[in-house]
Amino acid sequence: MTAFSMNNPVFVTYLITASIMILKLMGQGWMTVYRMLKVDAGLLNPEDIKAGPTNRNPRPEQLEINDYVDRSRRMHRNDLENIPAFLAAGLLFVAVGPSLMLANILMYTFVAARACHAIAYATKRSHETRATFFTIGSAVVIVMAVYVLVAALS
Amino acid sequence: MTAFSMNNPVFVTYLITASIMILKLMGQGWMTVYRMLKVDAGLLNPEDIKAGPTNRNPRPEQLEINDYVDRSRRMHRNDLENIPAFLAAGLLFVAVGPSLMLANILMYTFVAARACHAIAYATKRSHETRATFFTIGSAVVIVMAVYVLVAALS
Amino acid sequence: MTAFSMNNPVFVTYLITASIMILKLMGQGWMTVYRMLKVDAGLLNPEDIKAGPTNRNPRPEQLEINDYVDRSRRMHRNDLENIPAFLAAGLLFVAVGPSLMLANILMYTFVAARACHAIAYATKRSHETRATFFTIGSAVVIVMAVYVLVAALS
Chain P
535 MTAFSMNNPV
545 FVTYLITASI
555 MILKLMGQGW
565 MTVYRMLKVD
575 AGLLNPEDIK
585 AGPTNRNPRP
595 EQLEINDYVD
605 RSRRMHRNDL
615 ENIPAFLAAG
625 LLFVAVGPSL
635 MLANILMYTF
645 VAARACHAIA
655 YATKRSHETR
665 ATFFTIGSAV
675 VIVMAVYVLV
685 AALS
Chain W
535 MTAFSMNNPV
545 FVTYLITASI
555 MILKLMGQGW
565 MTVYRMLKVD
575 AGLLNPEDIK
585 AGPTNRNPRP
595 EQLEINDYVD
605 RSRRMHRNDL
615 ENIPAFLAAG
625 LLFVAVGPSL
635 MLANILMYTF
645 VAARACHAIA
655 YATKRSHETR
665 ATFFTIGSAV
675 VIVMAVYVLV
685 AALS
Chain B
535 MTAFSMNNPV
545 FVTYLITASI
555 MILKLMGQGW
565 MTVYRMLKVD
575 AGLLNPEDIK
585 AGPTNRNPRP
595 EQLEINDYVD
605 RSRRMHRNDL
615 ENIPAFLAAG
625 LLFVAVGPSL
635 MLANILMYTF
645 VAARACHAIA
655 YATKRSHETR
665 ATFFTIGSAV
675 VIVMAVYVLV
685 AALS
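Here the protein sequences come in this chain order: P, W and B.
Take the position in the first sequence, starting the count at 1, then add 534; the result is the number in the numbering used here.
Take the position in the second sequence, starting the count at 1, then add 534; the result is the number in the numbering used here.
Take the position in the third sequence, starting the count at 1, then add 534; the result is the number in the numbering used here.
One chain only, chain P, in its complex shape (with noise of 0.2 angstroms):
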């Protein structure tokens, strides 16, 4: 009997929270396409101000930083000192075989937590507010971790 499996009810769980953060991943890179689009500022790379398609009216001024394109590059980065710690530590979370409501819990609150810090970093709301929401995320990791070192070690 294996733990990852469609028959295991917290695997499922896993496999919902696990795609819905995947794509809140890959929705933060496409979130700062938008944004460069929009302003048209805040492009990395020197060979991006050369004229083409995307880039009409190129100006040097375009390769400084613009908060509004490097607030999704922040929330990206956020996000990346996150969701792979919380898709690696739910797989392991399952395979030590928890509780489904403690799993539940667990992976649907990250999904919450995360769902809120993106609001509130996006709409600019007080450090307090977001450190709020980073704490609760990063607190399930931890948990979902010590829980998983706890279960091998004994």
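Keep in mind that the hints were calculated from the coordinates and are not lab data.
Be aware that a few hints might be false.
Identical chains share a label here; the pair holds if one copy fits it or two copies do between them.
[Claimed, not checked] Distance condition first, Cα-Cα at most 27 angstroms in a straight line; then the derived DSS-like pairs of lysine-lysine: (1) K584 x K658; (2) K558 x K572; (3) K658 x K572.
Small disclaimer: the values here were computed from a predicted structure and weren't measured.
Here the structure of chain P is known, so what remains is to put chains W and B in place on it, guided by the hints.
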């Protein structure tokens, strides 16, 4: 029966493409090291301009951003935004039992798209060229994640 | 028979080392938070210099780069370049059935190398010291990925 077995040809495709992408990701770090040593510039930390076996002629300007080195770091960041998501999405995709043909198409397309993206980035091709290959890779991950989500919810 | 089972001692080694590395990765985020609060500087977002419970005395220079805080962010970025790749490579490595001794050597070496890397980075040791531990960790991931690739292709 587990999907994560060498007897499952879809899993073998995943093992091949995932290990190639892990090697690409690790190789990008070594490209940065190679470029730093080659131009003797683009260092990151204040302590890196102390004299030592790998820095015989330390100078403060070694800490300035050097496009040749920083380009490799930007490539690395782009990898980090895409490859871990592929590694996770691919594994979940295997778990929900897609056809071998679909898995082959998606996973080898991702590898090819990321290889082309790296070449386009390293050789300073136009933003549009780079964006095309980024889009193909990103689409593969999104398709796999949506496929998993639909399978898990149904 | 699945390789991803608590009955497989190689998988247990993976669970232990992977959960430790996930905790290291999450801990790095908290080191940044700790350092930001300690020096009351190194903030990242314009809205972070609004007065609030965690910022009683906001000043524009809090947004300047602070090496003490930024060092933790650079350590985090280095973790992101290595730990997710280890988590993925290690899982694939378990799947292809290596000997327990080889798995133990590689996985515990990675943990030790990353711990030494973190200490060397935090205490501003020479570039060569840091590079040595980075190289050991990177080599472990590369060896595991090549091992998986060869096993999957044969």
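Tested hints:
1. K584 x K658: Cα proximity of K584 and K658: across copies only (11 angstroms, versus 32 angstroms in one copy).
2. K558 x K572: within (20 angstroms within a copy, 32 angstroms between copies)
3. K658 x K572: Answer is both: 19 angstroms inside a copy and 23 angstroms across each meet the 27 angstroms cutoff.
No hint from the list above goes unmet by this structure.
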